[in-house]
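Novice: Those protein sequences? They're chains A and B, same order as listed.
The first sequence maps to residues 1 to 1006 in our numbering.
The second sequence maps to residues 1 to 216 in our numbering.
Everything labelled a hint here was simulated from the structure, so no lab data went into it.
Take a look, some chain B residues computed to stay more than 10 Å from chain A by CB distance: (1) GLU21; (2) PRO50; (3) ASP74; (4) GLY125; (5) PRO148; (6) GLN157; (7) ALA161; (8) TYR176; (9) ASP182; (10) CYS183.
The calculated DMTMM-like cross-link candidates involving lysine to aspartate or glutamate, where the alpha carbons are at most 20 Å apart (straight line), are: (11) B:LYS174 - A:GLU887; (12) B:LYS172 - A:GLU887; (13) B:LYS107 - A:GLU890; (14) B:LYS192 - B:ASP182; (15) B:LYS113 - A:GLU887; (16) B:LYS172 - A:GLU890; (17) A:LYS852 - B:GLU19; (18) B:LYS174 - A:GLU890; (19) B:LYS107 - A:GLU862; (20) B:LYS172 - A:GLU951; (21) B:LYS107 - B:ASP12; (22) B:LYS192 - B:GLU116; (23) B:LYS177 - A:GLU886; (24) B:LYS192 - B:GLU163; (25) A:LYS876 - B:ASP91; (26) B:LYS174 - B:GLU138; (27) B:LYS172 - A:GLU886; (28) B:LYS174 - A:ASP955; (29) B:LYS113 - A:GLU890; (30) B:LYS172 - A:GLU899.
Note that the coordinates shown come from a computational prediction; the quantities given were computed from them, not determined experimentally.
Note that CB positions come from ideal geometry on N, CA and C, so glycine has one too.
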Amino acid sequence: MLGWGFPASARQFHIQNWHMEDGLPDGHITALAQTQDGYLWVGTPRGLARFDGIRFKVFKSEDTPALADSRITALLAGTHGGLWIGTADGGVAQIDPSGRFRSLPRPVLPGGSPTLAGSLAGDFPAQWLWSLYSNLAEDKEGTLWWCAAGRGVYRWQNAQWHDMSPFLTNGPGDPRLVCDFQGHPFVLKDGRLNSFQDGRWGEAESAGRIVGEFPVVSPARDGGIWVGSPEISWAQGGGRVRRFADHSWRQEVQPTPWTANSLRSQVTCLLNDREGHLWIGTMWGGVYHTDAGGSWQRLATEGSFSQGLITCLMEDRLRNIWVGTVGDGLYRVTKRPVTMVTLPAPAQENLVQTTCMTKDGSVWLGTDGAGAFRLRNGIWTDYAAAQGLTNQHVCSIFEDHAANLWVGTWGGLFRFENNHFTLVAGPPELRAIVLALFEDRAGGLWIGTRRGLICRRGGQYQPVILKPDRASIDIRAMAEDRSGNLWVGTVGDGLFCIRAGKVVAFSDSEKYPAADALALHCDADGVLWIGSLGAGLFRYLDGKFTAYTSADGLPSDSFNSLMSDDAGNLWASSENGVFGMDRKVIQRYVRGKNPPLLCRRLSLADGLANRACSGSGQPVAGRSMDGRLWFPNMRGVAVFDPSTVAIQRNEPHVVLESVFSDGQELPLAFSEGSDLSVPSSSWRFEFNYTVPDLSAPEHLCFRYKLESYDRDWVEAGNRRSAYYSKLPPGRYQFRVRAGGSDGNWHESARALSLRIVPRIWEVRWMQWVGAISLAGLLIAYVSILSRHRFKRRLELLQLQNAVERERTRIARDIHDHLGASLTQIALMSELPPGRAPDQRQVASQLTRISSKARAVMQTLNEIVWAVNPLNDNLPKLLDYICSMSEELCESAGLRCWQEVPTSLPPTPLNVDFRHNLVLAIREALNNSIKHANASEIWIRAFVKKDHLLVEVQDDGRGFDVNQRRAQGNGLNNLRARLDQIGGRAELASQPGHGTKVTFRASFTQN
Amino acid sequence: MPKSIKVSIVEDEAELRLEVERLINGAEGFRCLAAYPNAETALELLPKNPPDLLLMDINLTGMSGIDCVRKFRDAQSKLPIVMFTVYEDSDALFKSLMAGASGYLLKRAPRAKLLEALREIYEGGAPMSRSIARKVVEFFHQVSQLPPSVVQSAELQSLTAREQEILASLAKGKSYKEIAVDCKISGDTVRKHMARIYEKLHVHSRTAAILKYLGR
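Excised from the complex, chain A in its bound form (with noise of 0.2 Å):
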């Protein structure tokens, strides 16, 4: 972006430039257009891009399916706020008031093909013929008419495209279409020039022949359309533009103001604007327009605009010209409010101090050692020692109700009459330098001086002492209310007032914060406003003091000072400029709850020559006669008329552009109330808004809330982008507002609502699931852990147990049976001393201890096999049984019979089992041995799944069960033992025919 500064005396406008460095794709540019959302449209052979004043956004026909072609022709504003799009390949498309692309049918050739109706194929002609490629217009009904090169005229209704043209010659020449601001459509072509009223076409035959290749035809305010036309070529004779209105030619452009002669001198397009100015683009002449008082000026001089190829020309709604070129971008063209008026030479470099309006229609200014100078129609008159201005730098001049002319300087106070200044005799204060006039409403003058205040009333000079304890107080400002109070502003000592004789000083206290007081103005509503050095700006009312600083949107803490136009708005000039605000929307501005003050600004863009405005006493500025207001500046006095620059912005529009998820563009829902749906997956959020303001863009301020995340609004200042990131799922809604002219904040018509949807495992109850279950989890596997662990304990210290057990009973049998046994042997085998032993009873002797040896050696067998633990199963049991009745019954005499099951499954036993068993069988077998006097004995094994049954059975004398003293101990005994494995013994006999005890044990038990 560019922006010129021309020579002084061609500051009238401020030019800006954009190129394909600040975004446009192109820097051709073919059309242009505003629709009523306050957003530009330029059209380029690259696509279309829309500008809100900061960006460009561009659409292409590869990422915008509606657009079929990117190389823009024409574009057409609607009225029904969307816009019309016309393309090279022929086809016209158009974007809906919601933001939607759509795209026409092509219109059907007479003849019946549909295809590619005018389209630019192959060779494209000379670059600045694109923008005369297509028009399209609407008519006062709204409808949309449209006509491409080589081809015809058609009109839209009913979604269908209606030939307008078969009235046209079938002539070589290129129609021209347009509608003029009454909504007439016109054609003009190979010369002829038609007009459609009341339904049908006729030839404007008053119009005559318009002869010339590629004419330009524009819609003109004063009724018709203009006309250029090149007659013979533009080249030779400079063509002519011209006015067709009511079936005749009402104006000329007389002399053209372009050169004759020359390729420059063709026209290229027209611009008739509000004012009633006309615009004339050239080819690589650039622009020519006519100005207030009718005169032709170039725009530009120099610079590459000034030779620049114009295409196409536009008036926004707040009066700025954009002109498009080929090559050299986008030009925005602004009117400057402010003029500049320098005092003649060799008084240039000085600045001026103090203005004063007298009643005779002159302008005084004050300067700082040129002395004084007096413009008056036009003609400047200085003033200096020769009139007896001795003291040449004039702070303050001031004209009161009896047009005395007071000059206030660094030498004191001057009266002007009769073209002399004379010096005023007074107190020693009037010799001081004299910065402040000011007259009371009761005609007393007050003269403000470094060294204090001076009142002269009826002649006579009186000092007002402000403060008794200060020498000297810098006055540099005074302003009497509606009470009639008079406040005097100082530097250094604050503020004060004089209320009824009475001086209250409001400084040094909490009432007024500043310092200083440079500037005081009392307005129409009564409200007394006080400009400070570097504190800001305040309000005084009913006794309270409201600051205002560049916190709140001011430009400037420092002011030079203050004044009112007739509109109620209130100007002041400090170190950044002149600005201008509406005192309503200050009065209602409340800090953090209105939006910060949008203040009219005029800077160097505007016409000021320099951002610092000088004058530090009073009067500063002023205002003439014709409303001007005059602002003394740095490089001399701006001026300016106030009614046309406090321009009433429309209410900012503010628009909701697009929303970025991790990089795509999300589609915005068009219509009310759906959501935009975004998986959580996403990371990053984007939302990009703006207000479309052609003028001053850069000073919009705009605050964005996400309802549901944001607590608060969050200030963007004058950011037009919102970031977020990691948005847990959930709804929400962006609202974005912007603050207005107006003082308030003005929100989107439009919220965005946002669903982010949660993955499964984000959503809440899912959530509530999974972290029960997972509690459940882990409370079951700790639970069935100590379960476990206690498990494996309990059954650890069985073991333990059960090895203690054995071991204690393998003790006892060794010692019962096998001590007592080995002590007899040894007792037995001793020869008692003395004696000659006996051969028979040594005989006798030897086969008892032969006999208790094998006894021992039997005990011993048993021990061992019951305590190997490689015996703990059935097989080895039964087979021990076996062995074991055997060896009893041969000993004893006794046949053994025996039936068991060869083949056994290797069922574990545990010891306690085996060794009880194996005991009661003896037992049974030795009490059917002993007792029984059998000679049989028949030895039975069953095994079942889950127990073992034994029979033992003799084929003695047998007994009676029901005799309880025949059983004796011994079944007790074996019931016993059998119940310590958890088995049964059981008797059966009768006498005589033996005895059976069957022995029933069960696996499970172990």
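Use these hints to put chain B onto chain A, whose structure you have.
Specialist: Frame of chain A; chain B shown alone:
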């Protein structure tokens, strides 16, 4: 007078070895030829001094008695070997029979019994206790369960019906005489059957595959 039966013994307990030697020597018709302290010595020295019978302790230091028996059998020795053991561990005894022993004796058996058993074996008898008989039956039952391919390749034989009958009767508790009566055959035939059974057992024991298969 029938010549004395020459018995050699293998026993690692020195005192017991002496006692047994004395016992045999003191018995009518018996003579202790040699008393070896361990299997290695026996394997080395016995061929030079072959006895009629060998009495082998099962639990020896160094090579076990069962392995010694196997070694003897591998060397094609037809010497009858009787296992001598303190405990009647039928598994170990069966193993030794498989290895090639001809019978067993308990160390705690009375003198008369001991000598009787030795004489019986010397005369070609094949004593078998009930528990051993049952084990034999079970063994052959397992053999019959093997897949035919294994059986054929190892040239194994199963018991004949008569042999099975004899073994079953033995297991039940019948004496050889009773069996002979029951089966209407002579005592000699019974003895021959028993010898045949032993042979089959010995054959099977030499077959490594079978041993491996039956996990012995």
